[in-house]
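*Asks:* As a plain string of letters, each chain reads:
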Amino acid sequence: MSKIINNVVCPICGCLCDDLEVTVKNNEIVKMKNGCAVCEAKMVHGYKSEERILKPMIRKNGKLEPVSMDEAVKKAAQILTDAKYPLLFGWSSTVNEAQRIGVELAEELGSALDNCCSVCHGPSVMATQEVGIPAATLGQIRHRADLIVYWACNPWTSHPRHVERYTAFTDGRFEGSEWKSYMNKMKASASRKKMDIASKRIEREEAQINPQVEVNGPPPQTLQKPGRKMIVVDVRKTMSAEAADYFMQIEPNRDYDVIEALRCIVQDQELDVEKVGGVPVEYLREVADAMMKCEFGVIYFGLGMTQSLGRFRNIEVAIALARDLNRKTKFIISPMRGHFNVTGANQVFAWQTGYPYAIDFSQGYPQFNPGENTAVDLLKREDNDATLVISADPGAHFPSVVMKNMMKHPLITINPDMNAISRLGDVVFPTQWCGIEYVGTAYRMDSVPITLKKVVEAPPGVLTDEELLSKILAEVREIKKKRGLPVGLTEQKIVHTEPIEPPRVCPAPVTKPKPKKVVKKKKEAA
Amino acid sequence: MTEILIKNGFVVDPLNKINCEKMDIAIKNGKVVAKVNEKNAQVIDAAGLTVMAGGVDIHSHVAGAEVNMGRMIRPEDHYKDPVRKTALTRCGTGYSIPSTFVTGYRYSEMGYTSVFNGSVAALKAKHAHEELNDIPLMDKATYILTGDWWFVLENLAKGDVDECARLVAWLMRATKGYAIKIVNPGGLESWGFGRNVHSIDDPVPNFGITPREIMRGLIKVNKKLNMPHTIHLHTNNLGVPGNYQTTLDTMKAFEDLSTDGKPVAHITHIQFASFKGENWGKFKSGAEEIAKYMNAHNHMTLDMGQVTFSDTTTMTADGPFEFSLYELGGHNKWVNSDVETESSGGIIPFHYKKNSPVNALQWSIGLEIALLIKDPWKIFMTTDHPNGGPFYDYPKVLAWLYSKKAREATLKKCHKSAKKKSLLPSIDRELSLYEIAIMTRAGTAKALGLPDKGHLGVGADADVAIFNINPETLDISQKFRTARKAFANAAYTIKDGTIVVKDGQVVNSQIPGRTFWVDAETKDPCKIDDEMKRKFRDYWTIEFENYPVTDHYVKVSDRLERKASV
Chain E
2 MSKIINNVVC PICGCLCDDL EVTVKNNEIV KMKNGCAVCE AKMVHGYKSE
52 ERILKPMIRK NGKLEPVSMD EAVKKAAQIL TDAKYPLLFG WSSTVNEAQR
102 IGVELAEELG SALDNCCSVC HGPSVMATQE VGIPAATLGQ IRHRADLIVY
152 WACNPWTSHP RHVERYTAFT DGRFEGSEWK SYMNKMKASA SRKKMDIASK
202 RIEREEAQIN PQVEVNGPPP QTLQKPGRKM IVVDVRKTMS AEAADYFMQI
252 EPNRDYDVIE ALRCIVQDQE LDVEKVGGVP VEYLREVADA MMKCEFGVIY
302 FGLGMTQSLG RFRNIEVAIA LARDLNRKTK FIISPMRGHF NVTGANQVFA
352 WQTGYPYAID FSQGYPQFNP GENTAVDLLK REDNDATLVI SADPGAHFPS
402 VVMKNMMKHP LITINPDMNA ISRLGDVVFP TQWCGIEYVG TAYRMDSVPI
452 TLKKVVEAPP GVLTDEELLS KILAEVREIK KKRGLPVGLT EQKIVHTEPI
502 EPPRVCPAPV TKPKPKKVVK KKKEAA
Chain H
16 MTEILIKNGF VVDPLNKINC EKMDIAIKNG KVVAKVNEKN AQVIDAAGLT
66 VMAGGVDIHS HVAGAEVNMG RMIRPEDHYK DPVRKTALTR CGTGYSIPST
116 FVTGYRYSEM GYTSVFNGSV AALKAKHAHE ELNDIPLMDK ATYILTGDWW
166 FVLENLAKGD VDECARLVAW LMRATKGYAI KIVNPGGLES WGFGRNVHSI
216 DDPVPNFGIT PREIMRGLIK VNKKLNMPHT IHLHTNNLGV PGNYQTTLDT
266 MKAFEDLSTD GKPVAHITHI QFASFKGENW GKFKSGAEEI AKYMNAHNHM
316 TLDMGQVTFS DTTTMTADGP FEFSLYELGG HNKWVNSDVE TESSGGIIPF
366 HYKKNSPVNA LQWSIGLEIA LLIKDPWKIF MTTDHPNGGP FYDYPKVLAW
416 LYSKKAREAT LKKCHKSAKK KSLLPSIDRE LSLYEIAIMT RAGTAKALGL
466 PDKGHLGVGA DADVAIFNIN PETLDISQKF RTARKAFANA AYTIKDGTIV
516 VKDGQVVNSQ IPGRTFWVDA ETKDPCKIDD EMKRKFRDYW TIEFENYPVT
566 DHYVKVSDRL ERKASV
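Residue numbers (my numbering), protein chains in the order written: chain E, 2 to 527; chain H, 16 to 581.
Honestly, the hints are just simulated from the structure, not real lab data.
Heads up, the beta-carbon is just placed ideally off N, CA and C, and yes, glycines get one too.
Please note that a few of the clues may not be correct.
Stated by the list, open to error - Some but not every residue of chain H turned toward chain E, in silico, with C-beta under 7 Å: (1) Val98; (2) Thr108; (3) Trp185; (4) Gly207; (5) Gly344; (6) Val350; (7) Val354; (8) Lys436; (9) Leu438.
Using the sequences and the hints given, assemble the complete structure.
*Replies:* Structure below.
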């Protein structure tokens, strides 16, 4: 028996496409429609990988050995309470419901709490804290944008459906899709490539075939046409760049200069140089012209900007450019958030503590200081003496010196499969795949909340992140109580669907308040 | 549940016409009852204390995407106000936009028990509900931005009010919303391309409709759906000098829609909509004109949106207004947040200063309107938290209302414009405790159509605030500081029949509070067919099925069922 589930949400990148059609057979996803290649890789194949962890494990004599859930929870709680200053890191690939418990746990432990955004779009958050941000939801771009700039990002590979679903290749109310012209361009480019290859073969040249002769030519006339235009700015020619109307190649680490030059042009100031960041000023003028002339423009920026020289200053100046452009037209700027719920982690942390990431609870109240409380910096200084990693893989991505410091102390991991960090863990928990095996909330890159769906049953005995963290939190409180330490109250679990009293029929509003019979008579008249 | 007996307090209960009378209030099972057995009940000796119903805040931005963005971009705002974790309460931060738990605690400490969230875009309603769930000790609800929802614009442009009503009923159910919120009607849609509307008769680009038609249409929809609250309106041209004329035009446009003498619209934060003068240089108070109109008409209610002189954060769905504020200069941070097909939004941190001629006058405009409108059932006390100031400045605002001495003390420190260009120095009115109870609980509960809130009659919700004010011995207008302190730190706050605050300290943080939402049942339900779903896919970037707020997002749901007439 196979069944088809519609409108499934893809739990991978910040796009959170919610139109997947998933076919489930014998509790297994066998087919998927509408999703991109990345989505298919996880939803159809990845989630049932052989590397899946099915039982909790504890490292004994250097080897991970399966244990019961209770034992693992006890051990993890013991490690966390024994530690003077643990770090709870990860959170971007789990749902809000789990993140909420995470904050409570961090608070109870007086630990550090950080999410993956400190190594990706943390600088974007910091820039926003400096200068704000003119942003919009993706639909606004789809309906209205006639100039789309991708700066230092490669949506074609990292967010494969971003262009097709939300920006240049989608039909909005006021702007049409540029898909057709892209197809024509691709056809033309393909035949040009063929011709090139053929002619080169005729000339018997052995040189490397490079169909695009001038990588960074002048902007084409079409940049000034009405209708949708797409510009890609990057240090190398990516797939996204091929799809663009104009690709502006800049020198690495020169984003700040190029944006500042564009700002000068927008503000009608003189530029005394010929080239900025490897781009001739005339080209920049034409790009700036297109920016000022459009009806509705947008800049999407990626990690190329946040993690290259200048970091949050790059973003600050890019936001400033968008702000300047708002005096001439409507202009929006937004980060291309990576993991599907990294935005959600920022949101949950912010509403519970006031700060989006890099939070320290050691004083009994939340403190925020990126660069001090961020995971990499904490570990580099070896400030913390135990780590819990949830739904993230710093093992594959953190600098080695940082990992070495992390490994000096106990490590607890919560991940569905045996990734690099799970292999290093001292207590390794299995967990369900959120968005595939359990329901939860995630925030799209533009902060639109979407409910992830459950499509298959999880393997028996494997808990959700939320359940697992609640168990650890309860155990931590238990241990603290035994030691005579004050503990917080466990939130009463309330069944969502049942109101505390039956739904009542509220009468129409009373115009004249009728004096009701009042409680008790006055004690005495005098 | 425990029984509680509040003995010998001075009860102020305007909905039951009780003014500072010494009597007992009995509570059982979360409700006010006629009597309880004194032996079993927990007795609160309220002799010499004032007993009121729990406060009901009609307009406060406490949750949602906009609020949280404000939190995120203002670490400097939180640094100065950290809140420690205790055995009873969660930790967090203030100041102008406190974290959710702190919001609940601080409201409760002032004797408030219900809060109505100012505005939420339907697409992000789940977010608002998630945050509301994390605000303990309060009953809550949220208004839904409906004024620039494309389905509304299209149907009203067609003149199809009935179909519009069915769609709005669906929207309220789908978002678990409480009332129709309209922000700068037409202006938000225009802002999609960086434009705005400047009067209630300016056409909205691409939709062939005017703000007047949107507002009138939605008032009709509101009536047809028999909603508990009226439409909740943020007027066009908000924050622009000379806008009192737009406000008057707006109010005049609704005159014929009130057939039974009931209010048909609530204009929120009226202070920001009562500016006179052609530009900021010639900025004057338009309070007199607004108050005069309000005294002669009964079809509107208002809330103040009082400025309290603090370093706060302005946030509104009115994107174009925030941009014009940014253009005025002096602001480093500007956030714009458009929401497809529905709304826009903006945030700017703002420091209201006593020595600024404009801010000083804004302060006096809010108070002028509140004091010049004779009937306190028509105007309620708010600061439009956090736009005019954070909600924990309410005691300050109350002091200015009940004490001329308090007003004069502040006026002395203000820029002279507040004295020169407004009527405030000449106003002698000082509100009584009875009038204060109307402006903070009874009136708001009535305007919101909540029969069990805002009073202490038998059957009311057991939400009670007890203040350390003895009306027999304390002259609040003279000793305004003592009374202000009492309003800031309730002697007791009782929520759903449980004591949650004692002597201004939270003693029980485990009462989650309910979320009200309106389920208006239309005769023909709104047609959800493939055509509608296709349209939905065209208009939004999420699927129709993924749009509604499911039960999962409302921790304790309280559905208000209404019979609609369409």
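*Asks:* Decide, hint by hint, whether the structure agrees.
*Replies:* Tested hints:
1. Val98: Holds, because the Cβ-Cβ distance from valine 98 of chain H to chain E comes to roughly 6 Å (cut-off 7 Å).
2. Thr108: With a closest approach of 4 Å, the threonine 108 of chain H hint holds.
3. Trp185: At 18 Å from the nearest chain E Cβ, tryptophan 185 of chain H fails the 7 Å test, so the hint is violated.
4. Gly207: holds (6 Å)
5. Gly344: violated (12 Å)
6. Val350: holds (4 Å)
7. Val354: OK, holds: valine 354 of chain H within 7 Å of chain E, min 5 Å.
8. Lys436: Since chain E brings no Cβ nearer than about 31 Å to lysine 436 of chain H, farther than 7 Å, the hint is violated.
9. Leu438: This interface hint is violated because 31 Å lies over the 7 Å limit.
Hint compliance for this structure: hints 3, 5, 8, 9 are not met, and every other hint is.
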